[in-house]
Amino acid sequence: MEAKTEEKFFNKVQKNEFYKKWLKSAWPYITGAILLSLFQIVTLATTSDPWGVSGTFANWGAWIYEAFGGSVDKWYYFSSEGAQATLEAGLLAHGGSIRNIGIILGALLATLLASQFKFKKIKSKKQVIAAVLGGLMMGYGARIAFGCNIGALFSGIASLSLSGWVFAIGMFGGAIIGSKLLVKFFM
Amino acid sequence: MKEYVIDSFGEACPVPLIKAQNKIKEIEVGDVVVLQIDHSCAMKNVPEWARKDGHNVEVEEVDDGEWEVIIEKTH
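Just so you know, the protein sequences line up as chains A and B, in that order.
The letter at position 129 of the first sequence is residue 129 when you use the working numbering, and the numbering goes up by one with no holes.
The letter at position 61 of the second sequence is residue 61 when you use the working numbering, and the numbering goes up by one with no holes.
Hints are computed from structural coordinates only; laboratory data are not their basis.
The structure displayed is predicted, hence computed values, not measured ones.
C-beta atoms are modelled at their ideal positions from N, C-alpha and C, and glycine is treated no differently.
Check each hint, because a few of them may be wrong.
Unchecked claim - Ranges of calculated distance between the beta carbons of each label pair, as one might list FRET restraints:
1. A/A110 / B/F9: 16 to 24 angstroms
2. B/D31 / A/L92: 54 to 62 angstroms
3. B/D31 / A/L181: 29 to 37 angstroms
4. B/V59 / A/L92: 25 to 33 angstroms
5. A/Y77 / B/V59: 44 to 52 angstroms
Said to hold, decoys possible - Here's a subset of chain A near chain B, in silico, CB distances under 10 angstroms, partners left out:
6. A26
7. T111
8. S115
9. Q116
10. F117
11. K118
12. K120
13. Q127
14. V132
15. G135
16. M138
17. N149
18. F186
19. M187
The following block holds chain B by itself, in its conformation from the complex (with noise of 0.2 angstroms):
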């Protein structure tokens, strides 16, 4: 298992969400990508469109106003 850091912080929708589209395309299954945002608005649509995917998610608020999403690559 490998895990990837995007550090999306200072970038506004749809950026975030983009990268780790693109990201989970390229790793393995099982893999985990942690996405750092400071965008409530990617904090909604990332999380929506993993779920959708299929893959385990979690976010966590790791300082005001900033996010870790956390999506485990399942298939």
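If we strip away everything but chain A, and leave its shape as in the complex, we get (with noise of 0.2 angstroms):
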């Protein structure tokens, strides 16, 4: 009988056209780029950082790094006192890793809200080797970069900085190569 009940509900919360076009359809372009420039606005602001993701992950590697008993200090990119303090503080200080986690579990729970949370399966040898491959050079990209697409990117040209510019003409001819380069060895 509970069952049935738990059914009754489900299927009608499905058919809430509310439900349909806040939870289950994807938001239109338009309406995730004012967001995202509201977030932007509202960290600057209150951290008085630009927006990044992947400077954090840098600091999630040196920590999983000391985890097992290594050490970043001699390394040049946490050879800054700034560097060494985040470190020091540990994952619960730092704002950057707090967002990322929030992000994760933000998009995790978007997923199982629309009811589409899936593992994927991995079709391909070749698919494991491009994410390994791609992933890799996204990573050192963005390192060497100071920063990603959100980083050195979205936040360069949202602070009025030249910097955001270059990136994105780098990152235009990078796409187009890359999507190439897919086509050729991954289709």
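Dock chain one against chain two, each of which comes alone in its own frame, and use the hints as you go.
What follows is the structure, given as structure tokens:
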């Protein structure tokens, strides 16, 4: 009896106009653009730092490395006093980490609410190679460019910095070359 | 009328879109492509491209997080 009421409830929710509009369907690009701009302004106003994503992952890597007994004290990237202080304070005191965890949990929540969560199967070895190569290149590129498409491109342009536009030109060129390589080797 | 099923499960953007574009090029007018996807971004960009190109498009959620984009070649 209980299972039946539950089923009825979820069937009803699925047909609800607001559920469909807000949680089930993808939002229009313009809505996303406006929200990202607002979050960027809030981030800059409250933390005095523009929004960044990938710099945090470098810290996560350092923390994991240290957890296994390694030390990054001598590494050029972490050699500044600021970087050392951040590493010492730990994950919970690092705003960027909290924000990234929030993004990951938020994305999970969104896909669960839309009832679209799924473990995706790996199709071929090629796919694994492409993912690993792509991830390594993006991570390495983001660090030597001091930012990813959020930190360097979006935040750069939003802060009226020329570097953001230079990054944009590089990124478009890279995207064109990348998609040609993708079609050639991984299709 | 022939029906071609493309299994694009587990494949990320832009692979499903490119596969659909290539298939549409080689089939006859009136034929149908059924593109199976499980990436929500493909659920957005594949229908967008196909509609812009003037084909008939229908999207069906066949399971949780799995869709079939049905494209009928019109020209």
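Going through the numbered hints above, which ones does this structure break? Give me the numbers in ascending order. 4, 14, 15, 16, 17
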